[in-house]
Amino acid sequence: MKVRLVHLVSMIALTAFFALHTAQAQSSPSSAPAASPATPSVAVQTAAPTPIPPAAPAPASSTISAGDTAWVLTASALVLLMTPGLAFFYGGLVRKKNVLSILMQCFIVICIITLQWAIFGYSLAFGPDVKGIIGNLDWAFLRHVGADPFPGYSGTIPHSVFMIFQAMFAVITPALILGAFAERMRFGAFCLFVILWATLVYDPVAHWVWGLGGFLSRADAAGNTVRGAADFAGGTVVHINAGVAALATALVLGKRVGAVSPPHNLPFAVLGAGLLWFGWFGFNAGSALGANGLAGNAFVTTHIATAAAGFGWVLCDWMYHRRATTLGVISGAVAGLVAITPACGFVSPMNAIWIGLGAALFCWIAVTFVKARFGYDDSLDAFGVHGIGGIWGALATGLFAEKAINGVNGLFYGDAGQFGLQVKAVLVTAVYSFVVSIVLLKVVDKVIGLRVSEHEERVGLDLTQHKEAGYTVLE
Amino acid sequence: MKYIIAVIQPDRLDPVLDLLEKKEIHLVTVSTVMGRGRQKGIATVYRSHREAGSLLRKVKLEIAVNDAFVDATVNAILEGARTGQIGDGKIFILDLPQCIRVRTGEKGGTAIG
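Chains A and B supply the protein sequences, listed in that same order. Position 64 (the first sequence) corresponds to 171 in the working numbering; numbering is contiguous. Position 97 (the second sequence) corresponds to 609 in the working numbering; numbering is contiguous.
Since the hints were made in silico from the structure, they are not lab data. Hints should not be assumed to be uniformly reliable.
[Unchecked claim] When the alpha-carbon atoms are kept at most 30 Å apart in a straight line, the in silico DSSO-like pairs for lysine-lysine are as follows:
{"id": "1", "chain 1": "B", "residue 1": "K552", "chain 2": "A", "residue 2": "K203"}
{"id": "2", "chain 1": "B", "residue 1": "K619", "chain 2": "B", "residue 2": "K535"}
{"id": "3", "chain 1": "A", "residue 1": "K549", "chain 2": "A", "residue 2": "K362"}
{"id": "4", "chain 1": "A", "residue 1": "K203", "chain 2": "B", "residue 2": "K572"}
{"id": "5", "chain 1": "B", "residue 1": "K552", "chain 2": "A", "residue 2": "K478"}
{"id": "6", "chain 1": "B", "residue 1": "K534", "chain 2": "B", "residue 2": "K619"}
{"id": "7", "chain 1": "A", "residue 1": "K510", "chain 2": "A", "residue 2": "K531"}
{"id": "8", "chain 1": "A", "residue 1": "K549", "chain 2": "A", "residue 2": "K478"}
{"id": "9", "chain 1": "B", "residue 1": "K602", "chain 2": "B", "residue 2": "K534"}
[Unchecked claim] Here chain B is said to cover these stretches of chain A; the calculated rule only asks that three of the stretch's residues, wherever they fall, bring their Cβ under 8 Å from a Cβ of chain B:
{"id": "10", "segment": "420 to 432"}
{"id": "11", "segment": "472 to 483"}
Small disclaimer: the values here were computed from a predicted structure and weren't measured. We put the beta carbon where it would ideally sit given N, CA and C, even for glycine.
Turn these sequences into a full structure, and let the hints guide you.
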């Protein structure tokens, strides 16, 4: 095996991290988690069942709620399921010869980003604030991230649970981008780009919007609520971020060779969309960080907006193409899910209908006309759905938010300033993501080359990048 | 010996095979193909992309017969596959210089049936 620069660099980086970790562990051992769990919901049946006393020694753990913790853990698993769901949603839309490349990119993203998150990404995104821009490395290697809650983010669930919930968001965000450059990026370049993007784009933006003291955040460094951008579950941090980066990659990589090809397996795409819808309840309702009325509101608005958006897209297709298409209903549903993401914990279920219909309309227009008009090859409409949907969702939050639901009013309920904050967050994130993504792509292109050769593209990425075939032709 | 290639509508395959059975013509190779004659395709839509639909699904039958059976085969196919609409398909008859049975090595006319 030819040892390339990228192999040397990665081996050195990994060795450095683990040397650092071992040194840290020896000099200052991480806080031993002393919390005992709160009353379990299922008591072990013994001969004389006795109620198990609620949590004991460490005072911090007495604030842990079993219901909240159980829900956030479940939600974390649901959000994880979204990434394989996305893999099939995208995988069904590409050519047969490239299906594995999509599935592989999604799965490797889970592996790479999980490690990055645990080792230093979480600390950068949510750790102690540095000038409102980024977290420091106090929590690298998950130091201080154990069974005790960190009340700044949530006093009722273990810190590790909050961290792992957020990990699933960090995982799916880069996966969304790959829809834009499907069928033409080299696998090694993809891996390198994803690590750099997570560290230099996702982690900072997450910090700005969600971190304590982030300059767009609704929480200051001490954990008090302040005025800031309202993004309940990641319209800005995840969807605008990924959607705009997707546009950047489509522009830098250029168009695919050959004519546009229809989806090779729409049933896969539908299955993927179903899994996304299911998992998104964890994404949105889980962001309430509690099993409570706010989670209920988020769940309900999510479902209603998605239903409205699916229906809305179908109406658009029916009027324009004279047919209701399957791809249309699932694209609409996903657009609705994207748009309701920042809004779900701030708006009412009835206003969620407007948000869903708006998402369907704007994304349908983006996908049907704007892409063709400007000629960029966003293969799977990652920008058209996530970018545009996310922007609409963030702005819609600034229109429809109601104080009675979660303490924020939008423009329609008297707070024009909040709408202004949404606009600011959208612009800051979009510009930053776009510019830095382009820079990172250029860097990766210089280091190992971004795009496959024309011959490799014609043969297909499954064979050329992975030496595998998704479907056996002759047995 | 003749080699008959027939391209027909996919839903006419069963009627054609039934009629061939009645005429004692059992040996056939069937494949699904895409093709076009003068029949207009069905347009498909994929988000912003509209395809006019130039190729259609068809079924291809390939049958090797001795000269005496050509007419019976052709008539069976015509009767089974004809719907009267554009897109019913075509039958091609080729000369077959040699035919060999793999199991026994027989050649010629006896290898066909």
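Each hint, compared with the structure:
In summary, the hint linking K552(B) to K203(A) is supported, as the alpha carbons are separated by about 26 Å, within the 30 Å threshold. For the hint pairing K619(B) with K535(B), the CA-to-CA distance comes to about 23 Å; that is within 30 Å, so the pair holds. Using a Cα cut-off of 30 Å, the hinted pair K549(A) and K362(A) holds, with the two alpha carbons roughly 17 Å apart. Taking the CA atoms of K203(A) and K572(B), the gap is about 24 Å. The hint holds against a cut of 30 Å.
The straight-line distance between the Cα atoms of K552(B) and K478(A) is roughly 28 Å, inside the 30 Å bound, and the hint therefore holds. Between K534(B) and K619(B), the direct Cα distance comes to roughly 26 Å. Compliance with the 30 Å bound is thereby established for this hinted pair. Note on K510(A) and K531(A): the hinted pairing holds, with a Cα-Cα distance of about 20 Å set against a maximum of 30 Å. Between K549(A) and K478(A) the CA atoms are separated by roughly 23 Å; this keeps the pair inside 30 Å, and the hint holds.
As the CA atoms of K602(B) and K534(B) are separated by approximately 21 Å, the hinted pair is consistent with the 30 Å bound. Coverage of the segment 420 to 432 of chain A by chain B holds in this model, with 4 residues showing a Cβ closer than 8 Å to a Cβ of that chain against a need of three. A count of 5 residues in the segment 472 to 483 of chain A with a Cβ less than 8 Å from any Cβ of chain B is obtained; the coverage claim is therefore met, three being the minimum.
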